[in-house]
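Could you use the hints to bring the two separately framed chains together as a complex?
Note that the protein sequences, when read in sequence, are chains F and P. 2 is the number of the first residue of the first sequence in the numbering used here; add one for each residue after it. 7 is the number of the first residue of the second sequence in the numbering used here; add one for each residue after it.
Pairs of lysine-lysine, DSS-like flavour, derived with a Cα cap of 25 angstroms:
1) P:K58 x P:K42
2) F:K50 x P:K42
3) P:K46 x F:K108
4) P:K47 x F:K108
5) P:K42 x F:K108
6) F:K50 x P:K47
If you want a taste of the chain F side facing chain P, the calculated C-beta under 10 angstroms gives, among others:
7) S10
8) Y33
9) Q39
10) N42
11) G44
12) Q46
13) K50
14) F91
15) A93
16) S95
17) A103
18) L104
19) I105
20) K108
21) G109
Worth flagging that the hints you see were computed from the coordinates, not collected in a lab. Yeah, the Cβ is synthetic: ideal placement off N, Cα and C, and Gly gets one too.
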Amino acid sequence: AQSVTQLGSHVSVSEGALVLLRCNYSSSVPPYLFWYVQYPNQGLQLLLKYTSAATLVKGINGFEAEFKKSETSFHLTKPSAHMSDAAEYFCAVSDLGQAGTALIFGKGTTLSVSS
Amino acid sequence: ETGVTQTPRHLVMGMTNKKSLKCEQHLGHNAMYWYKQSAKKPLELMFVYNFKEQTENNSVPSRFSPECPNSSHLFLHLHTLQPEDSALYLCASSQDNAVGGYTFGSGTRLTVV
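With the rest of the complex left out, here is chain P (with noise of 0.2 angstroms):
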């Protein structure tokens, strides 16, 4: 399989509950991103990662906790969530210097209840 994959497409939860998002890229990619897009709102980068390392943390409440166990791999962990953090999140990749681009996942479609 090629590009990026997001798993699940789409997810329901209560404001309690534990869950994980997942990105995966075989792109050969060393640099993977979360971002965060709310309906009427521009797309806000959540964090960063270049060669499993975090780069950047733009300001994300903890209740996000990012986790890249290697560079093909992203996930997104999520505690304790409010209902205005429900939006699409969207997981891209990119060579380390993004010179082509970011290739995206179609994304998480999240509701927080």
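Chain F extracted, bound-state conformation (with noise of 0.2 angstroms):
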């Protein structure tokens, strides 16, 4: 069965430093991997996706992930936080090509911005 585990249910960075997220996923075959962000009182929305491309994946808003297959891991970063990225983020894996398949979701991580 695949699944997802999110080290840290909270981060906190100061404004311009580096945010580090991370995700380690279990799956027994190749998997589509994606982050989402959640702000308050709102659904989910897609950061970015790895589908087997590119093993460097850019997003909206500045961040980027690493897709690793040594490590399981699927570690989403950004330079420099910014105060508006306070929210919450869940890594998500799914199988390749199942029709309606079902992701599967992170606790998620709580990322706190202060000035």
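As structure tokens, then:
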């Protein structure tokens, strides 16, 4: 069975500092991997996705993630945090090409940004 | 209108009431999903519909009843709910192979009193 583990339920950084949110996955087949962001009282918004093309994936709002098969990781980074980045972030995994495939989400990491 | 639209945004209902949540997408997607998001809990998949057919029911109590009349609309009918059912209910849609990920609605904040 597929699963994702997000290390750290809460990450705090200063404005301008590096953001690193960790995600490790478990999958018996090459996975599709996703990062989503959720602002308060809103739905989830897709930040970026890995679908077996380039291992370094660039997303919206300056975020990027690197797929490392040897480490089964897909960590999310941003070189310089902004106050508006404060939100909850979810990593998700799915099987390749399965009809009506359900994404499996991690428990989420809350990012706080201080001035 | 584009994207995934959920109505109502907020709902307060008594335990004996019957209400319905609505989800609509204009993205041409074939699959639609209901998720439950409770405080301090992971996102819980409830139901999956692919081409209007239910393909997954994740052990959801019968007081939640989904309906998918066509690929663009998804409903969640609620009756005799419990206070622990209070949560944010999120609808999402995707192409049938989910390669592009999901598009989520803004959710319905449900409070059961």
